[in-house]
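Participant: For reference, the chains in residue letters:
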Amino acid sequence: MAQPRILVIGGGLAGLSATMRLAELGVQVDLVSLVPVKRSHSVCAQGGINSVNAVTRQQGDNEWKHFDDTVYGGDFLQHQPPVKEMAEWAPRIIDLMDRLGVPFNRTPEGFRDQRRFGGTLYKRTAFAGATTGQQLLYALDEQVRRWEVEGRVKKWEFWDFLEPVVDADGRCVGAVCQDMVTMKFRAFPADAVVLASGGCGLLYGRSTMSTICTGSAVSRAYQAGVKYGNAEFIQVHPTAVPGADKLRLMSESARGEGGRVWVPRTPQDPRKPKDIPANERYYFLEERYPQYGNLVPRDIATREIFDICTTDGLSVEQDRLCVYLDLTHIPRETLDRKLGGILEIYEKFQGVDPRDEPMKIFPAVHYSMGGLWVDYEKSETGGLVEGSPRNQQTNIPGLYAIGECDYQYHGANRLGANSLLSCIFSGLFCASGVLAGSRRDGNDTSRLFSTAVKRQEDRHQAILSRTGGESNPYDIHNRLGDIMTRAATVVRRNDQLTQAYEEVGQLEQLWQQCSLSDTGNWTNQNVVFCKAVGDMFPIAKLILKGALQRDECRGAHFKPDFAMPGIAATDPAEQRAEAERWCDRFEANTRKWLKSTIGTHGDDGEPVISYEDIDTTLIPPRPRLYGLVGGEVIEQVWKERQAAADAGPVAVGATS
Amino acid sequence: MIQAVGKADATSHGPVPSATEAREVRVRVLRQDAPGEESYWERFTVPYEANMNVISVLQRIAARSQSQDGRRVAPVAWDCACLEEVCGSCAMVINGRVRMACSSLVDNLLKESPGEIELRPMTKFPVVRDLSVDRGRVFRSLQRVKAWVPVDDSYDHGSGPRISPEEQEDAYPLTTCISCGCCMEACPQFNKIELVKRDDETDEAFEARKREAYDKQFLGPHAISQAVLFNGHPTGSMNADERMQALTSQGGIQMCGNAQNCVAVCPKRIPLTRSIARAGRAATVWAIKKFFDR
Chain A
1 MAQPRILVIG
11 GGLAGLSATM
21 RLAELGVQVD
31 LVSLVPVKRS
41 HSVCAQGGIN
51 SVNAVTRQQG
61 DNEWKHFDDT
71 VYGGDFLQHQ
81 PPVKEMAEWA
91 PRIIDLMDRL
101 GVPFNRTPEG
111 FRDQRRFGGT
121 LYKRTAFAGA
131 TTGQQLLYAL
141 DEQVRRWEVE
151 GRVKKWEFWD
161 FLEPVVDADG
171 RCVGAVCQDM
181 VTMKFRAFPA
191 DAVVLASGGC
201 GLLYGRSTMS
211 TICTGSAVSR
221 AYQAGVKYGN
231 AEFIQVHPTA
241 VPGADKLRLM
251 SESARGEGGR
261 VWVPRTPQDP
271 RKPKDIPANE
281 RYYFLEERYP
291 QYGNLVPRDI
301 ATREIFDICT
311 TDGLSVEQDR
321 LCVYLDLTHI
331 PRETLDRKLG
341 GILEIYEKFQ
351 GVDPRDEPMK
361 IFPAVHYSMG
371 GLWVDYEKSE
381 TGGLVEGSPR
391 NQQTNIPGLY
401 AIGECDYQYH
411 GANRLGANSL
421 LSCIFSGLFC
431 ASGVLAGSRR
441 DGNDTSRLFS
451 TAVKRQEDRH
461 QAILSRTGGE
471 SNPYDIHNRL
481 GDIMTRAATV
491 VRRNDQLTQA
501 YEEVGQLEQL
511 WQQCSLSDTG
521 NWTNQNVVFC
531 KAVGDMFPIA
541 KLILKGALQR
551 DECRGAHFKP
561 DFAMPGIAAT
571 DPAEQRAEAE
581 RWCDRFEANT
591 RKWLKSTIGT
601 HGDDGEPVIS
611 YEDIDTTLIP
621 PRPRLYGLVG
631 GEVIEQVWKE
641 RQAAADAGPV
651 AVGATS
Chain B
1 MIQAVGKADA
11 TSHGPVPSAT
21 EAREVRVRVL
31 RQDAPGEESY
41 WERFTVPYEA
51 NMNVISVLQR
61 IAARSQSQDG
71 RRVAPVAWDC
81 ACLEEVCGSC
91 AMVINGRVRM
101 ACSSLVDNLL
111 KESPGEIELR
121 PMTKFPVVRD
131 LSVDRGRVFR
141 SLQRVKAWVP
151 VDDSYDHGSG
161 PRISPEEQED
171 AYPLTTCISC
181 GCCMEACPQF
191 NKIELVKRDD
201 ETDEAFEARK
211 REAYDKQFLG
221 PHAISQAVLF
231 NGHPTGSMNA
241 DERMQALTSQ
251 GGIQMCGNAQ
261 NCVAVCPKRI
271 PLTRSIARAG
281 RAATVWAIKK
291 FFDR
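These protein sequence lines are chains A and B, in that order.
For the first sequence, this note's numbering gives the first residue as 1, with consecutive numbering after it.
For the second sequence, this note's numbering gives the first residue as 1, with consecutive numbering after it.
It is worth saying that the hints were derived from the structure and are not from the lab.
Just so you know, these numbers come straight off a predicted model, no measurement behind them.
Idealized CB from N, CA, C, for every residue including glycine.
Honestly, I wouldn't trust all of these hints.
Computed cross-link-like contacts, DSSO-like style, restricted to lysine-lysine with a CA-CA straight-line distance of at most 30 Å [unchecked claim]:
#1 B:Lys124 to A:Lys155
#2 A:Lys155 to B:Lys268
#3 A:Lys184 to B:Lys124
#4 B:Lys197 to A:Lys454
#5 B:Lys192 to A:Lys154
#6 A:Lys274 to A:Lys184
#7 B:Lys197 to A:Lys154
#8 A:Lys348 to B:Lys124
#9 B:Lys124 to A:Lys154
#10 A:Lys378 to A:Lys559
#11 B:Lys216 to B:Lys124
#12 A:Lys378 to A:Lys595
#13 A:Lys155 to B:Lys192
#14 A:Lys154 to B:Lys111
#15 B:Lys197 to A:Lys184
#16 A:Lys559 to A:Lys154
#17 A:Lys184 to B:Lys192
#18 A:Lys348 to B:Lys111
#19 B:Lys268 to B:Lys192
#20 B:Lys210 to A:Lys154
#21 B:Lys210 to A:Lys155
#22 B:Lys210 to A:Lys184
#23 B:Lys197 to A:Lys155
#24 B:Lys111 to A:Lys272
#25 A:Lys592 to A:Lys559
#26 A:Lys155 to A:Lys184
#27 B:Lys216 to A:Lys155
#28 B:Lys197 to A:Lys531
#29 B:Lys268 to A:Lys348
#30 A:Lys595 to A:Lys65
#31 B:Lys124 to B:Lys268
#32 B:Lys216 to B:Lys111
Output of the computed footprint for chain B on chain A, the stretches with three or more beta carbons under 8 Å from beta carbons of chain B [stated by the list, open to error]:
#33 89-101
#34 132-142
#35 337-348
So the derived list for chain A, only partly shown, Cβ under 10 Å to chain B, looks like this [stated by the list, open to error]:
#36 Pro108
#37 Arg440
#38 Tyr611
Please take these sequences and the hints and turn them into a complete structure.
Facilitator: Laid out in structure tokens, this is it:
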């Protein structure tokens, strides 16, 4: 029998780890990427990668707690078995990356050093300076290059994935891609296809993402019938540096190493930051969240920074929104050793040394928790069955999704330093199942492919031959970014979401008519971008519609009209009564909304939304109470209810 | 909301101000439509914005697609991805010096050369189109020196070797190489190789012919530095001999003329000349050892 041939789309951490493991299993891999894989967006990840480690283990930590922090941080919106499996694999993944030569920072004795990240009280995060993503990506890139030399991997760099090819039985048998240099189309027959194409931040215009993160590959899979989960859950990172072309990430590790967020208590205090005495500085995260301080989960830090600037009017500057992120109290030598990479970025792009002067930062769109719907097979112990073809498989058999482009691991909010983990884990873990599920039945698929290639050629030509359009794809992209940023980031309101949905529809009409300034057939970046912009609309609509319909607050999805404020009462009895009502409401809300949003591409091009129950059998959902006023009373009431429920359903049944 | 970050941003998405309202940035770009075609200069003007970099200039050019004299022209082609100097895509020759477009701020460039910014493609790599060049050779060099740790497999075998903080801090700068090719562009010993695909040649045959041509010529500073990095790693050193073989073969370290241009242009400030010196010493020791082992 011929060797299986598997097509991987995307060469970031997920795509490369899958490619490495597949090659090792004897598979012939075609690896398609928009850029040389070493330039994939994973290079931008800065802070680190989480796992339980020898030190935290002796402080009471274990895999279950990492699992628990991840689902609690994600507000319980993820199926639990894959998360449990990931947390259990995490220590082995760090060990593997260590063996591959990742230069993790070291303790004086030569062990891997760890730092603390948001949403946990343990120092679980291994790191390589402040360029951890780059280092992890390079280690995998090197291994894949080794397989390339062996002839097991064939790279197709500067190629654009256009559509999955599906046979009459509904099975994915390959894909059509386009060479972005020669503009030629090519069929890629494959025994399975693995999408590892990353996030879709570009549909917000500017974000912390690379210019290649258009979400086009994911959108094309969705338009071909793959379900999409939890689109409305978009992480807005609390700390980024605003720029005209990009909002550059300022890693959470800056706070993990002791960075403090503050604003002057006097609005727009004209003094230099270091001339403002401590008692005139408002360290609002530390004051409002004494336990987690500057390391509250990202959705909370983002809302607080946003609120302090908008509602409280305490932005550092008059004409732009920003707060201070202050590292100046930390010795320069420590900063250079642990955060050098990100401080240099700030220095280079802002012309200010953040070791001397606090940085000015503001939230920016950063990560998509949602993504293509994927399946899993649950094991008897509540984890996953390794080698099952169902793991990471979309609803189209033979088509898989891994990394940021799947919806599986982060629920309603991702914890810092968990994305590098989920990318490498899903890539490594899926490989044996992909191989087991690959099918080489020798059916003649040549007609399917020639039809698909023809369809793509026709679409391409139709776009090239548009004439007379007033607008161009760059303008349309900017306008889409403005609409999405206004309506679907930190604070969401139904009237704004409804309006944004209409505007996006109108913009899509305009896109249909936009014409290109380059109609040639050689390295035409204009037409590639135009197609990518066109494919942003279906995902933008999914995000807006999912957000509109979800009338609650969960993780990154915040609707003030449906918020559940803390306890207002001061009298203990009243507090107690209020907490009971709070818990009643929480239970009702959980029954109604603890469900994944599932979007499918309707025949009319509009999204069709349904809801999917979530497997929460391992850790029962509980209120997410970080810093909530009266949280301790609510927690007490909640614990009593849980204890009563655990005492047995018979008693409850007998009284009702 | 999040984009409401001040005046610079208000103009970036709003109407284009007239020349009298705002300053302008003038740019001349050395363009080339495809490999083998003649290159030509084209001038553009874009509205000035605070904190602008060369990427935002090129983005504005793409959005307007109009030359300075008002002709409708194709957008300038160029490569970019991360825009924060970590992906290595956007290297080009800016005001006569090779560097990354993303971290080249317009204010600084105008101080260097008032009036106009000049953008050219790198000269040591074949032009694909305009400012986009084929840097396949950068990655081929990494294959030549086997720039990887030769692990048995990706299964669990416990952690990697213990490494002292000093060793980590010594290796770390070398691991930050973004494969941009700036060091190769600046190196007087590194010459351009541009092959043309023959009509009767398959893609695979053309790729093989390119590899063959590259392998006879200089590796470049970045690959020497990577060889030093992996030879210094406890597991990587297990195939140090193979890397030494590559470093001392045709196109190896003996090509280096010690011009030290590489270290001067490296955007990540990697100590390339230190790596080259180390590799040179190791090559001498290795050659003597090989002589006596015969």
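Participant: Hints the structure violates: just list their numbers, smallest first.
Facilitator: 6, 10, 14, 16, 32, 37, 38
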